[in-house]
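J.: The hints should help you fit chain B onto chain A, whose structure is shown.
Next come the chains, spelled out residue by residue.
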Amino acid sequence: MTLFLQIALDGILNGMLYAIVALGLTLIWGVMDVINFAHGEFLMIAMYVSYWLGFLMNIDPLVSWVASSVFVFLLAFVTYKLMVSHLVGKPALSALLATFGLSMFLKNLCLNRFSPNFKLLPVTVLSGKTIPVGSLILSLPQLVIAVFSLAVIFIVYRFIASTRMGWAIQATAMDKEAAELMGIDTEKIYGLVFGLGGACVGIAGGLLPTYMPVHPEVGSLFGLIAFICVAMGGFGSITGSLFASLLVGLVEAFAGFYIAPIFKYVAVFALYLVIVMLKPKGLFGW
Amino acid sequence: MADPILKVTDVCAGYGGVPVLHGISLEVCEGELVAIVGANGAGKTTTMRTIAGLMRPTRGSVEFYEEDVTGLPAHVMVKKGLTYVPEGRRLFQKLSVRENLELGAFTERNRDVIEERLARVYDLFPILKERSDQKAETMSGGEQQMLAIARGLMSAPKLILLDELSLGLQPSLVERVLRAVTEIRRFNVTVLMVEQRVLEALEIADRGYVIQSGRVVMSGPSGQLLNSEEVKRAYLGI
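So the protein sequences, as listed, match chains A and B.
Be aware that the first sequence starts at 8, since it is given in our numbering, and climbs by one per residue.
Be aware that the second sequence starts at 23, since it is given in our numbering, and climbs by one per residue.
Everything labelled a hint here was simulated from the structure, so no lab data went into it.
Beta carbons: idealized from backbone N, C-alpha and C, even for Gly.
Among the clues, some could well be false.
[As the list claims (entries may be wrong)] Derived EDC-like pairs: lysine to aspartate or glutamate, alpha-carbon spacing no greater than 16 Å straight-line:
{"#": "1", "chain 1": "B", "residue 1": "Lys151", "chain 2": "B", "residue 2": "Glu137"}
{"#": "2", "chain 1": "A", "residue 1": "Lys88", "chain 2": "A", "residue 2": "Glu194"}
{"#": "3", "chain 1": "B", "residue 1": "Lys102", "chain 2": "B", "residue 2": "Glu89"}
{"#": "4", "chain 1": "B", "residue 1": "Lys116", "chain 2": "A", "residue 2": "Asp182"}
{"#": "5", "chain 1": "A", "residue 1": "Lys183", "chain 2": "B", "residue 2": "Glu109"}
{"#": "6", "chain 1": "B", "residue 1": "Lys101", "chain 2": "A", "residue 2": "Asp192"}
{"#": "7", "chain 1": "B", "residue 1": "Lys180", "chain 2": "B", "residue 2": "Glu89"}
{"#": "8", "chain 1": "A", "residue 1": "Lys114", "chain 2": "A", "residue 2": "Glu224"}
{"#": "9", "chain 1": "B", "residue 1": "Lys151", "chain 2": "B", "residue 2": "Glu124"}
{"#": "10", "chain 1": "B", "residue 1": "Lys102", "chain 2": "B", "residue 2": "Glu85"}
{"#": "11", "chain 1": "B", "residue 1": "Lys102", "chain 2": "B", "residue 2": "Glu130"}
{"#": "12", "chain 1": "B", "residue 1": "Lys102", "chain 2": "A", "residue 2": "Glu224"}
[What the hints assert, rightly or not] Take a look, some chain A residues computed to stay more than 12 Å from chain B by CB distance:
{"#": "13", "residue": "Asn65"}
{"#": "14", "residue": "Ala74"}
{"#": "15", "residue": "Phe107"}
{"#": "16", "residue": "Val140"}
{"#": "17", "residue": "Ser146"}
{"#": "18", "residue": "Ala186"}
{"#": "19", "residue": "Leu257"}
{"#": "20", "residue": "Ile269"}
{"#": "21", "residue": "Phe276"}
{"#": "22", "residue": "Lys286"}
[As the list claims (entries may be wrong)] A short, non-exhaustive set of chain B residues, derived as facing chain A with CB atoms under 10 Å:
{"#": "23", "residue": "Ala96"}
{"#": "24", "residue": "Val98"}
{"#": "25", "residue": "Tyr106"}
{"#": "26", "residue": "Glu130"}
{"#": "27", "residue": "Met176"}
{"#": "28", "residue": "Lys180"}
Same shape as in the complex, but just chain A:
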């Protein structure tokens, strides 16, 4: 029983990590109908920012996540201004391919600059720390990310539901032109949302080097899994992608333990296939 609970706990913690990555993706899709294929690479960049700040300047990820997040916010904002803004409202494939190209570029840029080697911060405040809860063991770095994830999702949700700017975002998502006729500057909203999506994944990437090594390919899997969480939850639904992320985390953990570690993603993607076949619009999709 302890073992079962431990696996479930690991699955939930991992699921919360997926949830904060997926949040940015679902936000961008929900408002702009754009799939950001470079989302995983934004995570990777944030991890590098955090790694280098830790390695060169000895700033702990617990502090430097702010910088990582701001950095990726700006990166995403610039990406929007220079690239995506020209492709919004065009066939969905154009933005998808353009961001796919950006992901290639970022990956290879990091490969070229930072080598393909895995880099891990040797010492951080959180590294290797655990908290015993009864007979279970909580990994502190993962717990911190899960708490951050929950907090960020809550804040973003409240922001969209109950602030003036959030209202403008909702209106823009529902009908861009009608929103403009209400006096809403939708260009500004799009830039903000794209940046916000980047900032969310930037927070996750900023904290990850506390237990995960960074390398140029690290974002690919996360990007893919986040994509699955968003598709499974129903594109654009924040609660849907949170729910799907937890499901993915749990399936991954249980399949990895009870079947074989190498099998865990097979189980995740099989689940995805089944859900999308039964509910093409996702669990919470309309």
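T.: This is chain B only, laid out in the frame that chain A set:
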């Protein structure tokens, strides 16, 4: 005639390189109710979209209160006091009536002012007050059209553009909605409307423009247009 608040001069516009407007010129003066009439596809909606800033004209100019506003985006035009109620209403269907109205007042931050405007549009359309918590999509076509007009008024525009209010409404509702147009004049707002129903529109308007194939073919006081042989023959079937 007093100085026009809206002056459209020789405007050309189109979609994806296909020209629709071939040099439209028109004027609207303070306090007037002006109707643009014409057949389907004549360029009425394109004219409105260009004035509202949803489209950029390829040629010509738009002046609002003697300021050149050609090509300014729609959200800026709203702040300048020109609000467009688009064809097909374009309500936020999943939001409640009240939420739609609140969004209409997006440019206003003062809560008291917003409440005051709400009270005024509720007074104009009492049905909206009754339905304030209902989702927009659950209302009838006529009620939705009233909501669209009310939402437009929430920005307290100096000039409101009303596009094809009668579209998809049953005849009794058309009358009700067009009567509402005459009533909104007590908001001290100038009205420029587009209507496919030539007779009904000209009956309530002060002046009218007849558009055909992207050109103004006739203009003048409504009564004069209603009596002209061409209008009678082409649009009224008399």
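J.: For each hint, tell me whether it holds in the structure or not.
T.: We went through each hint and held it up to the structure:
no. : hint                : result
1   : B:Lys151 - B:Glu137 : holds (13 Å)
2   : A:Lys88 - A:Glu194  : holds (9 Å)
3   : B:Lys102 - B:Glu89  : holds (10 Å)
4   : B:Lys116 - A:Asp182 : holds (11 Å)
5   : A:Lys183 - B:Glu109 : holds (15 Å)
6   : B:Lys101 - A:Asp192 : holds (11 Å)
7   : B:Lys180 - B:Glu89  : holds (14 Å)
8   : A:Lys114 - A:Glu224 : holds (7 Å)
9   : B:Lys151 - B:Glu124 : holds (13 Å)
10  : B:Lys102 - B:Glu85  : holds (12 Å)
11  : B:Lys102 - B:Glu130 : holds (12 Å)
12  : B:Lys102 - A:Glu224 : violated (50 Å)
13  : Asn65               : holds (45 Å)
14  : Ala74               : holds (33 Å)
15  : Phe107              : holds (27 Å)
16  : Val140              : holds (42 Å)
17  : Ser146              : holds (41 Å)
18  : Ala186              : violated (8 Å)
19  : Leu257              : holds (31 Å)
20  : Ile269              : holds (44 Å)
21  : Phe276              : holds (33 Å)
22  : Lys286              : holds (20 Å)
23  : Ala96               : holds (4 Å)
24  : Val98               : holds (8 Å)
25  : Tyr106              : holds (5 Å)
26  : Glu130              : holds (9 Å)
27  : Met176              : holds (9 Å)
28  : Lys180              : violated (14 Å)
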